[in-house]
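Colleague: Sequence:
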Amino acid sequence: MEPGDASNLLTQMRRGALPYCVLALLRHEQRYGVEIVRMLGEVDGMVISEGTIYPLLSRLRRQGLVETVWQESTTGPPRRYYRLTPAGHQALEAFTAEWERFSGAVEHFIGKGT
Numbered sequence: 001m002e003p004g005d006a007s008n009l010l011t012q013m014r015r016g017a018l019p020y021c022v023l024a025l026l027r028h029e030q031r032y033g034v035e036i037v038r039m040l041g042e043v044d045g046m047v048i049s050e051g052t053i054y055p056l057l058s059r060l061r062r063q064g065l066v067e068t069v070w071q072e073s074t075t076g077p078p079r080r081y082y083r084l085t086p087a088g089h090q091a092l093e094a095f096t097a098e099w100e101r102f103s104g105a106v107e108h109f110i111g112k113g114t
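Residue numbers (this note's numbering): 1 to 114.
Note that these hints are calculated values from the structure, not bench results.
The structure presented is a predicted model; accordingly, all values stated were derived computationally and were not measured.
Any given hint could be a false lead.
Label-pair ranges, simulated between beta-carbon atoms [claimed, not checked]:
no.	residue 1	residue 2	range
1	A105	L18	20 to 30 Å
2	T68	I48	14 to 24 Å
3	Q63	M39	43 to 53 Å
4	M46	G76	22 to 32 Å
5	S103	T74	35 to 45 Å
6	Y54	A94	18 to 28 Å
Yeah, the Cβ is synthetic: ideal placement off N, Cα and C, and Gly gets one too.
All chains should be modelled from the sequences, with the hints used to inform the complete structure.
Modeller: Printed below as a string of structure tokens:
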């Protein structure tokens, strides 16, 4: 691995985890696309654009993990809100269990400094 590959490494890690971060944001309440982009952008390393989030949300919808509903907005046109389906809840639970196992394994080696 080259020293300059660090930004590519973050991109690869983000690509794998981003769908599940979106599902986690929808775990307790429905949200609209710009709100999801804003919330992700508040966390270092997760900054994305609307051009990234909408194709991802469409893919999650096609996979049956989220569903949408249109709601009127007091500040403009109606908004499409996204919410988890039962399959989305199951996918998030499965990812969470595997993430805890995987991140613990990585931390085992990184934390030891071996």
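Colleague: Compare the structure with each hint and give your call.
Modeller: To see whether the hints hold, each was checked on the structure:
In this structure the supplied range 20 to 30 Å holds for A105 paired with L18, their Cβ-Cβ distance being about 21 Å. Between T68 and I48 the Cβ separation comes to about 19 Å, which falls inside the hinted range of 14 to 24 Å. Taking 43 to 53 Å as the suggested C-beta distance range, the pair Q63 and M39 does not conform, at roughly 21 Å. For M46 and G76, the Cβ-Cβ distance of about 26 Å falls inside the hinted range of 22 to 32 Å, so the restraint holds.
Checked against the hint of 35 to 45 Å, the C-beta distance between S103 and T74 comes to roughly 40 Å, which is consistent with it. A C-beta distance of roughly 25 Å is found between Y54 and A94, which places it inside the suggested range of 18 to 28 Å.
Figure legend: structure checked against the earlier numbered hints; the only hint not met is number 3.
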